[in-house]
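Sequence order for the protein chains is A and B. Counting along the first sequence from 1, when you hit position 98 you're at 98 in my numbering, and nothing is skipped either side. In short: position in the second sequence from 1, add 1000, done, that's my numbering.
Errors might be hidden in some of the hints.
Footprint (simulated), chain A over chain B, 3 or more residues, beta carbon under 8 Å [claimed, not checked]:
no.: 1; segment: 1021-1027
no.: 2; segment: 1043-1054
no.: 3; segment: 1104-1113
Away from chain A, derived, C-beta distances all over 10 Å, residues of chain B [stated by the list, open to error]:
no.: 4; residue: V1004
no.: 5; residue: P1008
no.: 6; residue: T1015
no.: 7; residue: G1016
no.: 8; residue: Q1017
no.: 9; residue: N1062
no.: 10; residue: Y1064
no.: 11; residue: N1065
no.: 12; residue: L1069
no.: 13; residue: N1070
no.: 14; residue: R1077
no.: 15; residue: E1079
no.: 16; residue: S1080
no.: 17; residue: P1083
no.: 18; residue: T1096
The hints are simulated quantities; they were obtained by calculation from the structure and are not laboratory data. C-beta atoms are modelled at their ideal positions from N, C-alpha and C, and glycine is treated no differently.
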Amino acid sequence: TQLLEQSPQFLSIQEGENLTVYCNSSSVFSSLQWYRQEPGEGPVLLVTVVTGGEVKKLKRLTFQFGDARKDSSLHITAAQPGDTGLYLCAGGVKGGGSNYKLTFGKGTLLTVNP
Amino acid sequence: NAGVTQTPKFQVLKTGQSMTLQCAQDMNHNSMYWYRQDPGMGLRLIYYSASEGTTDKGEVPNGYNVSRLNKREFSLRLESAAPSQTSVYFCASRETGGWTEAFFGQGTRLTVV
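So here's chain A without its partners, still in its complex pose (with noise of 0.2 Å):
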């Protein structure tokens, strides 16, 4: 069973601050994702890494993946209250055929106050 572990469970921090989120395996994954959901509704693609060493940048929020595809992180520099939710990691895993899992890890609770 691929397990997908994420630190801190909860994060509560001032606005303007920096933060990092960590997503780390025992096992290597094809290509992990970042997902945001807000309360009430389903998840929310961030972004899809899949080379390991890979850095991509989405506005204050950068995403890299670690050079064994085991591990990711997500930094966000200066947060805004704007970015308050649970933030999730997920890997795909291939199964028999084109059939992929996706699995979740447990998730990050960032609340920024103002």
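Given the coordinates of chain A, work out where chain B should sit on it, guided by the hints.
Only chain B this time, still in chain A's reference frame:
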């Protein structure tokens, strides 16, 4: 642009009752998924379907059955609901492949009393 539509949005069941959660997508995706979300547990995969007519178990399939009758629809059935099945259920769809985007419905909040 409906995307992924789940019905119902809310449901209260008594222990032992049965019900079916419906999910439909209009993006012509091959793969569909059912997840449950509980506090502190993230999203746990119940069942998934890589294509019409095929289904596979995920992490927590016990107590559930699924049907993929056509490409658009993937239903989740609880034959005899238990309080442990109180959760928020999400349906998702994505195109075939390891790194395609998953699109989620808005969820069904189910309470079993």
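We went through each hint and held it up to the structure:
Figure legend: the segment 1021-1027 of chain B, annotated as covered by chain A; annotation inconsistent (0 residues with Cβ-Cβ distances under 8 Å, at least 3 required). A stretch counts as covered by a chain when three or more of its residues have a beta carbon under 8 Å from one of that chain; for the segment 1043-1054 of chain B and chain A the count is 6, and the coverage holds. Remark: the segment 1104-1113 of chain B is confirmed as covered by chain A, as 4 of its residues place a Cβ nearer than 8 Å to a Cβ of that chain, reaching the required three. In this structure V1004 (chain B) is not separated from chain A by more than 10 Å, as the shortest Cβ-Cβ distance comes to only about 8 Å.
Annotated as non-interface, P1008 (chain B) keeps its C-beta farther than 10 Å from every C-beta of chain A; the closest such distance is 15 Å. Here T1015 (chain B) stays apart from chain A, with its beta-carbon at least about 26 Å from theirs, past the 10 Å limit. Non-interface call for G1016 (chain B) relative to chain A: holds, since the shortest CB-CB distance, roughly 29 Å, exceeds 10 Å. Every CB of chain A is more than 10 Å from the CB of Q1017 (chain B) (nearest about 25 Å), matching its label as outside the interface.
Against the 10 Å criterion, N1062 (chain B) stays outside the reach of chain A, whose nearest CB is about 15 Å from its own CB. Separation of Y1064 (chain B) from chain A is adequate, the least Cβ-Cβ distance of about 16 Å exceeding the 10 Å criterion. Once the 10 Å rule is applied to beta carbons, N1065 (chain B) is consistent with being away from chain A; the minimum gap is 18 Å. For L1069 (chain B), the non-interface assignment is confirmed: its Cβ lies about 19 Å from the closest Cβ of chain A, beyond the 10 Å cut-off.
At the 10 Å boundary, the C-beta of N1070 (chain B) stays outside the reach of chain A, the nearest C-beta of that chain being 18 Å off. Against the 10 Å criterion, R1077 (chain B) stays outside the reach of chain A, whose nearest CB is about 21 Å from its own CB. Chain A leaves E1079 (chain B) outside its interface by the beta-carbon criterion, the shortest separation being 24 Å against a cut-off of 10 Å. For S1080 (chain B), the non-interface assignment is confirmed: its Cβ lies about 26 Å from the closest Cβ of chain A, beyond the 10 Å cut-off.
The claim that P1083 (chain B) is not at the interface with chain A holds, since no C-beta of that chain comes within 10 Å of its own (minimum 22 Å). The beta carbon of T1096 (chain B) is not kept farther than 10 Å from every beta carbon of chain A, the shortest such distance being approximately 5 Å.
In this structure, the earlier hints numbered 1, 4 and 18 are contradicted, and the remaining ones agree with it.
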